[in-house]
Amino acid sequence: MKGLFRKIGYSEHVATLLALVCTEPPRLPVTIDAQAIWVALGERMLPQGACTSPATTNLVCRRLDRRLAGLAKRFGYSYTRYADGLTFSGDGHAGVELLLRGTRSNLKADGFAEHPQKTRIMRSGRRYEVTGDVVNAKTSIAREEARELRAILHNAGKHGLASQNRAAHPNFEAHLRGRVGWVHMLDPEKGKKLRAALDRALQVGNVPQ
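Numbering (the working numbering), first residue to last: 15 to 223.
Hints are computed from structural coordinates only; laboratory data are not their basis.
There's no promise every hint is true.
[Claimed, not checked] Derived Cβ-Cβ restraints for the label pairs, each shown as a range:
no.	residue 1	residue 2	range
1	S103	A210	29 to 39 Å
2	V218	A156	20 to 30 Å
3	M136	I46	53 to 63 Å
4	D124	Y24	17 to 27 Å
5	S25	N169	55 to 65 Å
6	V110	S67	25 to 35 Å
Everything numeric in this text was worked out from a predicted model, so none of it was measured.
No residue lacks a Cβ here, since even glycine has one placed at the ideal position from N, Cα and C.
With the sequences and hints as input, model every part of the structure.
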């Protein structure tokens, strides 16, 4: 990480501090004199799901993004990336094989590996999904996820949120608010109905914190 920050222009000291903020070593809890402490067991690494992950991912992928955007333009496509999800979109299907070949070559050159099970070519007339969301005529969540969320809120409206917290989320209300908020951002009309259902569920009983 320090090398990345040095490469984009930060001084040695600032790059070191930024690298320390973005990484952490694996730790093990140890009790000494009745006091619990966490002992580092190895080298520092990038934690998965950290708040710094999106920014560091964008920095690491700067060159790759430029190359893939140029490659896509050459064949008449648009290129977008969300985290580690790459999407090429366009009206036709000319040059798809060359586009895939060029993408794989650029990924390998930058030290990345393709996930073959997640590589899909979505033709006209099919449901288009990007990062799990439907992006055909308008953006929305997948029908299966919407059905599941409606069922949770419907049952919670009868029996309370705690009855639906099968995965034992520490703050189930916040979890549901996040899911409903995501739907509202993609599809405000559908999100408004889900928010109303969540509000009704909150009136049934207290949510364990």
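We went through each hint and held it up to the structure:
no. : hint                      : result
1   : S103 <-> A210: 29 to 39 Å : 34 Å, holds
2   : V218 <-> A156: 20 to 30 Å : 27 Å, holds
3   : M136 <-> I46: 53 to 63 Å  : 57 Å, holds
4   : D124 <-> Y24: 17 to 27 Å  : 21 Å, holds
5   : S25 <-> N169: 55 to 65 Å  : 56 Å, holds
6   : V110 <-> S67: 25 to 35 Å  : 30 Å, holds
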